[in-house]
Structure formats: structure tokens, C-alpha cells
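Visitor: Sequence order for the protein chains is A and B. Going by the working numbering, the first residue of the first sequence is number 1066, and it counts up by one from there. Going by the working numbering, the first residue of the second sequence is number 8, and it counts up by one from there.
There could be a bad hint or two in this list.
Claimed, not checked - DSS-like, lysine-lysine: derived pairs with alpha carbons at most 30 Å apart:
no., chain 1, residue 1, chain 2, residue 2
1, B, Lys102, B, Lys60
2, B, Lys25, B, Lys59
3, B, Lys87, B, Lys75
4, B, Lys314, A, Lys1310
5, B, Lys32, B, Lys75
6, A, Lys1253, A, Lys1310
7, B, Lys348, B, Lys181
8, A, Lys1310, B, Lys25
9, B, Lys115, A, Lys1310
10, A, Lys1240, A, Lys1126
11, A, Lys1282, A, Lys1253
12, B, Lys254, B, Lys299
13, B, Lys254, B, Lys184
14, A, Lys1201, A, Lys1126
15, A, Lys1310, B, Lys320
16, A, Lys1168, A, Lys1195
17, B, Lys249, A, Lys1282
18, B, Lys320, A, Lys1282
19, B, Lys252, A, Lys1310
20, B, Lys314, B, Lys95
21, A, Lys1310, A, Lys1201
22, B, Lys59, A, Lys1310
23, B, Lys249, A, Lys1296
24, B, Lys102, B, Lys299
25, B, Lys249, B, Lys314
26, B, Lys102, B, Lys32
27, A, Lys1282, B, Lys111
28, B, Lys92, B, Lys60
29, B, Lys112, B, Lys254
30, B, Lys252, A, Lys1282
31, B, Lys299, B, Lys314
32, A, Lys1310, A, Lys1240
33, A, Lys1201, A, Lys1151
34, B, Lys92, A, Lys1310
35, B, Lys320, B, Lys87
Just so you know, these hints were derived from the structure itself, not from any lab.
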Amino acid sequence: MLHYLMILQRETGLLLFSEKISKEFKKLQPELISGLMTALNEFSKMMRIGELSTFISHNFKVVISAKEEISVILVIDLEDNENLWKSCAVEVVSTFRKQYNLKKIAPIESSYFNDFNQTLAKILQKYSWKIVIDQKISLDNVSLLLFFDLRNFTYYRFYSNNTVAKSDDETLIEKTLEITTTETPEVKTTEGGAILYLIQEGTFGATLMLTEQAREKDYLRVQRTVAFIVKHFSKRFSLNQQLEKAAISIFGEETIREFSLYDGKSIPEIFRDAVEPIRILENIRRLMLRGLLVLME
Amino acid sequence: MSLFKILGLAIRDPARFKVLIDAIKGTQLYANIVVARALQAQLNKVAELSEKKIALEEFMQQNNFRNKSLLLELLALLEKDGFVKIKKDDFVILKKQIVEEELKKREKKVAPIVLDAFEAFGDYTERALIERLEGVPPASFDSNELRVLWNVALRGDFYTIQRRDALNFAQLDKLAKRNQNQPIRILDFGCGSGEGTIQILTFLREKNIPHNLEACDISEGLLEIAAEDEALEEDIYFFNYKERKPKEGYYDAIFISQVLHWPDDPVQMVSDLKSYLKENGILFGVQSTFSKRLYQIDLFIRLLGAKGFPEEKEFYRWFEENDMNVRFDPATYTFLATKKK
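With the sequences and hints as input, model every part of the structure.
Guide: This is the structure:
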């Protein structure tokens, strides 16, 4: 999470604006903060324009973005996804520079920028996770299933009887972002006895939490469905009319009739409208595997 | 010999015999319907001509057909159904317009076992038939929708019953005993979308035969359906035959169902399969041979790109040339081949 944000004038190191966001950071000893601030100040002066950097200090991760006259510094948790907060830092810098004509204001007084807190709140809102769907599902061995969309910081939560606290959602999403990379977009790991399957592709991702009793054979299918959903998150599906007979022959009339209710809908819409979205999407994966569906953007 | 075996089947297993007859009659009937549908528009135009008659060459020119021998084959089927008359291969005379209503009536007489397997192929085969007449070569075995059509066919009873016959014919329990209950290594060669592989697995489990089951095909798309859906939860190793060849002298048994009529050189394919077998290994499966009763199926698989069913003599030759003994049941088309000692 974001603990602290400050905007400095690069040339002088003057603090233009700051916002303590987390309780933890507010509780830190003043000397510690002052030491950190000095280090950050010196560091920001050394940075080149347009540069983005991160380093670790006092058990926090620090993200810095420098642009022309100012630097923005974000203090976040060690396990946070730095790419995410780097985007946020860049957006803060550019919005700040647009809102104030820094060349015309002289001498600069920090109180002048106090009203930036309203703008900042709006920016940060974009960088905080919003839950779109919170739905109970019944899937063997699955404790929790989160799908997230980085474009608008929304996520879809499906939980089973072994309910995992909602407060853990963001940590799990952040963990997924942290562990998965372009080279290894799918990772299986364990945590606290649970099996975690983490996947990210582009701006979409998912966290699948399975009970420790689950054997690989038991969750292969749900794992494939989750990977399919992440891969096609923004797509829509339509039945290939030429192959309708074949589709009915393999899947039966009932399944195809059920699919027709979601024909042309995107995955978030299916999440919203279906009683058993994961089952519907598994059928869609199976239909796709056989080339029975047409994909639409 | 073949007739004798079929009658033997009728006495031994009347239910299986009925299925066989339904399948044979059904495929004949259904294939003729598909041919009639494919050529319906072109032939019905002949009704507008005087004497409802057109020279074959002119008919081909009008419709951009290039393959005369295939056209004659198809017209001969329609002649038997009373739609046309061919006069000395020179003229086509329309005896009766081809009306969809009548075709639908005929379709109702087709046995469900045939419709389950091949109805989905109908539209595709009509298009393929016209393309072959126009001289367009067949698409690859699993291109586009063919992949899913094979998936439909291979799931149906038509092929399931054939595979069951082959599994019984091979007496795998004897093989397991000979193997002193060590897992038998078995390969499903040309597994397609995995329905047959699952059937083999179920059979082995039912018979308590310890096993290591592998399956291969040349179609990436069909293998994907097999590994990612049909057999996703099963302990079966699927691999692409184009990318990896099976180990030589490794398998106790290789199963192959209706594959040998696809390659250019079946003798070579049998030779390759033999090389993957252990010294006492068996090669078994299903392979239809050509006969009048299978003419329509043979025609259809040729339209889809296969080389056609072999004559029974030819089938024996494939194994003879590879120094293998083969037992073949012409009633069920099951076979079992072993290396000659």
C-alpha cells in the first residue's frame, strides 16, 4: 500500500506538497522519517529528468519519478508491485505540472499547493482496488478466485465456504503482480498450507487459491479455465453458426442453449449475469478448443 | 469368406450384427442424400432444357467441373436412386427433380448410429464434393472445421463399437499375463481427439490390466482437444508424432483405428509401427477393407483426402511385406498383427 507521497522542487529540494496516507507511516519515529527524507531529497537531485527509480529504505520501497522541475516520491510496502506505483508516480508528476505553472510562481511557498490533495485523492482512487463482484461459488477444492483488471483497478471475487478474509484480497493480487513476469506468466506456489496459482497476462490476471488437500489432477480443469479467462478477458464469444450442429452433437442441446444466453457477451458481463460463471466459462473454453466459437474484440 | 464371417457374427452376436447392418445401410443411404443435396441445384436446371437432357461435357463446363471420373461416380449413385439416367457416359438425363422434402423423408430412414457420427459432416462434405469436382485438392486432414467434425464422429457409437471389437479381439488380458503383471506399455497411434484413448483406458481399468498409456497424432488441434479436455484429468502422455517419434522396441501393444488408409505408403507405416514394438508386441486395431457395401464410405473418405480402403488382399500384403502375421475379421474389420518368429 501507499504510505507516503511527497513532491519536491528538484533544484532546491524544497518540499512542495506531502501527504501521509497510512497509519503505519504516521506512527514512525520523526527521526526515522527525517533521515529518510534527507536521503530521498539527495537522491531526487541526482536523478535525470524523466527518470524513474526505486530503492529500499527502512523496510519500505521508495518509488521516485523526476520530471523537469519536480520529483515525486512514493513510499510503498516492500511487497507492493512497483510497476503499478511507478505508473501512479508518473501520473502525479504530470498532473501536478499541468495544474500549476511552476515557472511563473516565485518564490514558491508550499502552502500554495495545498489544494492538490483533492486532485491526488482522485488519482489515488484509480490506483486502489475496487471490487466489482463478490459472489459465492461452489467449486471443489477452490477457496478463493480473484480476477483483476489493471486498466481500472477492478477485481472480481469468487469465494467458497472456506471464506478467505476480504482484507487479504489486495495482498493476494499484489502478490500475483509481484511474482508473475512476462517470462513466467503462470506461477504455482504455496502459502499457509493453501495452494496458490497465480497468472497474469497483459493487464489481466487471476489468483486461484486451493485447499491444501487438492491434488493436481483435481484442479487441472479449473486451472485451465482460469488461464482461459485471463487470456480472453476483454473478448466476446459467438457461436460459429456453420458448426452449430457439431456443437450440439458434442455438447448437447441444453449446453448450447445455455451458451446462447451469453452469446456476444464479454467475460465481465458473464461474471455479472451468470449464476455459475466459472462453469459457463469452462464450457466456453471447451467450445473454443474445438473452433466452435468466433472471437470478437 | 467375408460373407461367412458376417453370418458367423449374426449367430454369435445378433445385436452387434444388427448394428453392423444398420451402419452399412445407413451410411449408404445418407451418403446418397449428401450427393443429391450437393448436386441438386445443378441437376434441377436440366429440367429447363428440352428432353431434360444435357451432354456431360456441357454439364461440366457449365458448372466448372473438371473431375469427370468423380462426376460419373456420383451420377451413378443418383442413377440408382432414380434421379438421373446416364446414357453411355455422354448425356445426363434428369428423370426426377431433386426435392429437399423427399431427401428429408429419406433421411428419416437413416439409422441414428450413422447420423450421430456423420450428420455434422453433411454441409462440409457437400462443399468438399463440389470442390473435388472443380479439381480443388482436399484440405489437410484436420483443417478448420474438419477437426471438430472428426471430434464428433470419433465420439459416436459408429467408431466406439469398432474400437470395442478391436480391444476384445486383441485379448490384452493374455498379454498382461504374459507380461507377468508388469504394466503393459500401450500406444494409441492416431489418437485424434482422444475418445479412443479414453476408451482404451477404461477397458484396461475394467480388466484390471496394469498399464502405461501413451497416445500420439499428427494433428496439433486434435491433440489439444485430447490433452486439454477429453483426457485432461487422466494419466495419459500425449505427443505429436510430427515432432517426436515413439521409442523403438518399446511398446507391448500399439492400437491403430482406421488410420492406415490415410498415408501415401501404408507399408512404410506398418514398418514404422513394427519397429516401435517389443519382440513379442502386438499391433491391433480396426481397418475397413473395400467392398461394395462400404463403397459410399470409401467415396466419402476419399473426398476428405484419404487414399481409400484397401482391398482385403492389399491389406494382408502390407503386413506380409513387413514380415508380420496378421489375423483379420472382415465382419468387424478388427485385426491383430505380430512379428513373425
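Visitor: Hint by hint, say whether it matches the structure.
Guide: Outcome of the hint check:
Taken as a hint, the Lys102/B and Lys60/B pair is honoured in the structure, with Cα atoms around 9 Å apart against an allowance of 30 Å. Taking the CA atoms of Lys25/B and Lys59/B, the gap is about 41 Å. The hint is violated against a cut of 30 Å. Note on Lys87/B and Lys75/B: the hinted pairing holds, with a Cα-Cα distance of about 18 Å set against a maximum of 30 Å. Between Lys314/B and Lys1310/A the CA atoms are separated by roughly 27 Å; this keeps the pair inside 30 Å, and the hint holds.
A hinted pair counts as satisfied when its Cα atoms are at most 30 Å apart, and Lys32/B with Lys75/B qualifies at roughly 27 Å. Distance hint between Lys1253/A and Lys1310/A is unfulfilled; the C-alpha atoms sit about 39 Å from each other, more than 30 Å. For a cut-off of 30 Å, the pair hint linking Lys348/B to Lys181/B stands: about 19 Å separates their Cα positions. Taken as a hint, the Lys1310/A and Lys25/B pair is honoured in the structure, with Cα atoms around 27 Å apart against an allowance of 30 Å.
Under the criterion of a C-alpha separation no larger than 30 Å, the hint pairing Lys115/B with Lys1310/A is consistent with the structure, at around 17 Å. With a C-alpha separation of about 15 Å, the suggested pair Lys1240/A and Lys1126/A falls inside the 30 Å cut-off, and the hint holds. Restraint check for Lys1282/A and Lys1253/A: the C-alpha separation of about 14 Å stays at or below 30 Å, so the hint holds. With a C-alpha separation of about 39 Å, the suggested pairing of Lys254/B with Lys299/B is violated against the 30 Å cut-off.
Restraint check for Lys254/B and Lys184/B: the C-alpha separation of about 23 Å stays at or below 30 Å, so the hint holds. Restraint check for Lys1201/A and Lys1126/A: not satisfied, since their Cα atoms lie roughly 35 Å apart, outside the 30 Å limit. The suggested pairing of Lys1310/A with Lys320/B is violated, with an alpha-carbon distance near 39 Å, which exceeds 30 Å. Using a Cα cut-off of 30 Å, the hinted pair Lys1168/A and Lys1195/A is violated, with the two alpha carbons roughly 37 Å apart.
This hinted pair checks out: Lys249/B and Lys1282/A have alpha carbons roughly 28 Å apart, not beyond 30 Å. Simply put, Lys320/B and Lys1282/A have alpha-carbon atoms about 47 Å apart, too far for the 30 Å limit, and the pair is violated. Restraint check: the Cα-Cα separation between Lys252/B and Lys1310/A comes to about 36 Å, which exceeds 30 Å; the hinted pair is violated. For the hint pairing Lys314/B with Lys95/B, the CA-to-CA distance comes to about 28 Å; that is within 30 Å, so the pair holds.
At roughly 34 Å between alpha-carbon atoms, Lys1310/A and Lys1201/A are farther apart than 30 Å, so this suggested pair is violated. A threshold of 30 Å between alpha carbons decides the hint, and for Lys59/B with Lys1310/A the separation of about 36 Å lies outside it, so the pair is violated. Note on Lys249/B and Lys1296/A: the hinted pairing holds, with a Cα-Cα distance of about 28 Å set against a maximum of 30 Å. The straight-line distance between the Cα atoms of Lys102/B and Lys299/B is roughly 25 Å, inside the 30 Å bound, and the hint therefore holds.
At most 30 Å may separate the alpha-carbon atoms for a hinted pair to count; Lys249/B and Lys314/B meet this at roughly 20 Å. Proposed proximity of Lys102/B and Lys32/B is supported: the alpha carbons are some 24 Å apart, at most 30 Å. With a CA separation close to 46 Å, the supplied pair Lys1282/A and Lys111/B exceeds the 30 Å bound. Taking the CA atoms of Lys92/B and Lys60/B, the gap is near 9 Å; set against the 30 Å cutoff, the hint holds.
For the proposed pair Lys112/B and Lys254/B, the alpha carbon gap of about 52 Å is over 30 Å, so the pair is violated. For the hint linking Lys252/B to Lys1282/A, the alpha-carbon distance of about 27 Å falls within 30 Å, and the restraint holds. Taken as a hint, the Lys299/B and Lys314/B pair is honoured in the structure, with Cα atoms around 17 Å apart against an allowance of 30 Å. This hinted pair does not check out: Lys1310/A and Lys1240/A have alpha carbons roughly 44 Å apart, beyond 30 Å.
Straight-line distance between C-alpha atoms of Lys1201/A and Lys1151/A comes to about 34 Å, which puts the hinted pair past the 30 Å bound. Of the pairs offered as hints, the one joining Lys92/B and Lys1310/A is violated, with about 34 Å between alpha carbons and a cut-off of 30 Å exceeded. Taken as a hint, the Lys320/B and Lys87/B pair is honoured in the structure, with Cα atoms around 28 Å apart against an allowance of 30 Å.
In the structure shown, a violation is registered for the earlier hints numbered 2, 6, 12, 14, 15, 16, 18, 19, 21, 22, 27, 29, 32, 33, 34, in ascending order.
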